[in-house]
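Q: Quick note, the sequences are listed as chains G and P, same order. In this text, residue positions in the first sequence follow this note's numbering: the first is 165, and each later residue adds one. In this text, residue positions in the second sequence follow this note's numbering: the first is 47, and each later residue adds one.
Hint data in this document are derived by calculation from the structure and do not stem from the laboratory. Certain hints may be false.
[Unchecked claim] One-sided excerpt, in silico: chain P residues whose CB lies under 10 Å from chain G:
{"#": "1", "residue": "Phe79"}
{"#": "2", "residue": "Arg86"}
{"#": "3", "residue": "Leu87"}
{"#": "4", "residue": "Ser96"}
{"#": "5", "residue": "His107"}
{"#": "6", "residue": "Ser111"}
{"#": "7", "residue": "Leu121"}
C-beta: ideal position from N, C-alpha, C; glycine also.
In case you want the letters, here they are:
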Amino acid sequence: MIRICIIDDDEFFARLLASLLSGPEVETTIAGDMAQASGLLAETDFDVVFLDVRLPDGNGLDLAPRIKEQPSAPELIIMTGLGDPDGAELAIRSGAWDYIQKTGTPEGLQLSFKRALEFRRNKESSLPVERRGIVGQNPRLAEVIRQMATAARSSANVLILGETGTGKEGFARAVHANSPRRSKNYVVVDCASLQEALVGSDLFGHRKGAFTGAISDKAGVLQRADGGTLFLDEISELSLELQKSFLRLLETRTFRPLGDTREVRLDFRLICASNRSLTDMVAAGTFREDLYYRIRAAVLQLPPLREIGDDVLLIAAHHLERICRDSGLRPKALSSELKTFFLEYGWPGNVRELIHVLEAMVASAPDHEMLVPALLPQELRIQMLRTRVGRTGGQDVSCVQEQPHSAGPLGSWSKYKKQEQERVELAYLDGLIQECGGDLKRALGISGLSPSRLYGLLSKYGRTLGARSSNRYRGTPREEDA
Amino acid sequence: MEMNMKESMPEECRGVDFNQAVDRLPGHLGELFLTAGEQRLADLDKAMASGNAPAVMDAAHSLASITGLLPIRELEVYAREIYAAGERNELTTAKNAHERLDIVMGWVLARLRIRGTAPNAS
Chain G
165 MIRICIIDDD EFFARLLASL LSGPEVETTI AGDMAQASGL LAETDFDVVF
215 LDVRLPDGNG LDLAPRIKEQ PSAPELIIMT GLGDPDGAEL AIRSGAWDYI
265 QKTGTPEGLQ LSFKRALEFR RNKESSLPVE RRGIVGQNPR LAEVIRQMAT
315 AARSSANVLI LGETGTGKEG FARAVHANSP RRSKNYVVVD CASLQEALVG
365 SDLFGHRKGA FTGAISDKAG VLQRADGGTL FLDEISELSL ELQKSFLRLL
415 ETRTFRPLGD TREVRLDFRL ICASNRSLTD MVAAGTFRED LYYRIRAAVL
465 QLPPLREIGD DVLLIAAHHL ERICRDSGLR PKALSSELKT FFLEYGWPGN
515 VRELIHVLEA MVASAPDHEM LVPALLPQEL RIQMLRTRVG RTGGQDVSCV
565 QEQPHSAGPL GSWSKYKKQE QERVELAYLD GLIQECGGDL KRALGISGLS
615 PSRLYGLLSK YGRTLGARSS NRYRGTPREE DA
Chain P
47 MEMNMKESMP EECRGVDFNQ AVDRLPGHLG ELFLTAGEQR LADLDKAMAS
97 GNAPAVMDAA HSLASITGLL PIRELEVYAR EIYAAGERNE LTTAKNAHER
147 LDIVMGWVLA RLRIRGTAPN AS
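Chain G extracted, bound-state conformation (with noise of 0.2 Å):
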């Protein structure tokens, strides 16, 4: 998100300059005086500026340095009018990076907001990121890493959003890590978990003898965060009253332990993930709106796995080489069909479920020097299997349902019944005997079909369970696991 102040008391010429500047992913603020700005620019990381020379309660580059102190650092255009003196020379004096004439042409506008943009964009990309454990390379993913290291510079706070297990708080300590808090503390408070009753004490602190059982001062986990890092995660599972709690605590930067007369001072960033739509809690009443707008200064959308394509390959790579590493293990690779199987699989669970996938293989075959489809988790197994027999098979029962009568005109019941349900057998057949391997075990741990079971059917197709008659076979020759 590209966020830009208009510091103008000219509301139209402000509201043109907003909605020539308007795009999807820019969000545009317009502060009418100074003091509007003072405010804007205290809570808000902007990454362009556009400030009028004259304002009503005075000289609009007076606000210059404290706009290039932010911590985004913007860029700032200054806008000139009648009766300034050279635009190119305030520009300068004032650090900005550009200058507008207001007398100037929409098209003029539009070309300096888009060249500080571009400026800006090059800037950044040539500063070094920290990804901590971040991996991938799918535009998708570059582009939040972008936003996260832009985050990350300046102080506003930052929402995490994705969905369970896309690796929300490895952003979270991410923005840390690339912050100008990173020698201070990131502290973790997990929302799901806390409890209501334990929560002031906890979060806040006591004084000794502020209820039975204080028998000491102690200090609260968010004092831990003073200077430092607070991440929220799982913001979403906050009760109404704790996120009033926040809420005040966001806003004021103070707060007062149990027992104590006195107001604490923090100075925290805060950083907030939740896999469930906040604008829908908003809606249904369940997550204060206050709150919301408080928390989403920078939003980070994380991409689901299954969208981000062959980047499921490099974290997987990623993690095996880290798990190995972790267990003493030699180094293991992924055999082709896996690959194949890791591209096609939905992952559900995402990044998380990926690496428990990883864990449960290697874990399971400690000395393999590659890790085969054999090594899966049973139920992947037979989510792989299910996707051969889609594709063996030439039809799956979804596509049966959709074309009840695709071979012909319709027969009696029985009689259809009998040919899908050999067509689906075969299928199923073909697709055990190759992931089985010849394995009669392993074909029948799969299948959960008794020995005889099995064997009638391999009778009533001709099949064995080391090879295929390859006059049968409908399917597409796979490659084979190495």
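Model the placement of chain P on the given structure of chain G, informed by the hints.
A: Just chain P now, kept in the frame of chain G:
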């Protein structure tokens, strides 16, 4: 709708493509543009009539910021002249510029009122 204003068209407006000017204006700001223009013109007239130099400068400055949308270069020149006269506190020297600006801007705003500020409204 083609206006019957050709006879009274100020020479500064000859050859000006008003459709292009309107196309540059974001649709939802059309009415605001007309209102702001008329208001600023009225403010300038009032300030000139009362001889209030600072108010003249303010009004000329405001008017100038909306002239960028109109492809009539003279408007900015007149606004600058008026502003400079206000700065010197010699408003009488800007009488001609004020008169021309009044005529041109007034004519343009009236034309746009009739034509409408939606793209292709003509």
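Q: If a hint holds in the structure, say so; if it doesn't, say that too.
A: Outcome of the hint check:
no., hint, result
1, Phe79, "7 Å, holds"
2, Arg86, "9 Å, holds"
3, Leu87, "13 Å, violated"
4, Ser96, "20 Å, violated"
5, His107, "5 Å, holds"
6, Ser111, "4 Å, holds"
7, Leu121, "9 Å, holds"
The earlier numbered hints that this structure contradicts are 3 and 4.
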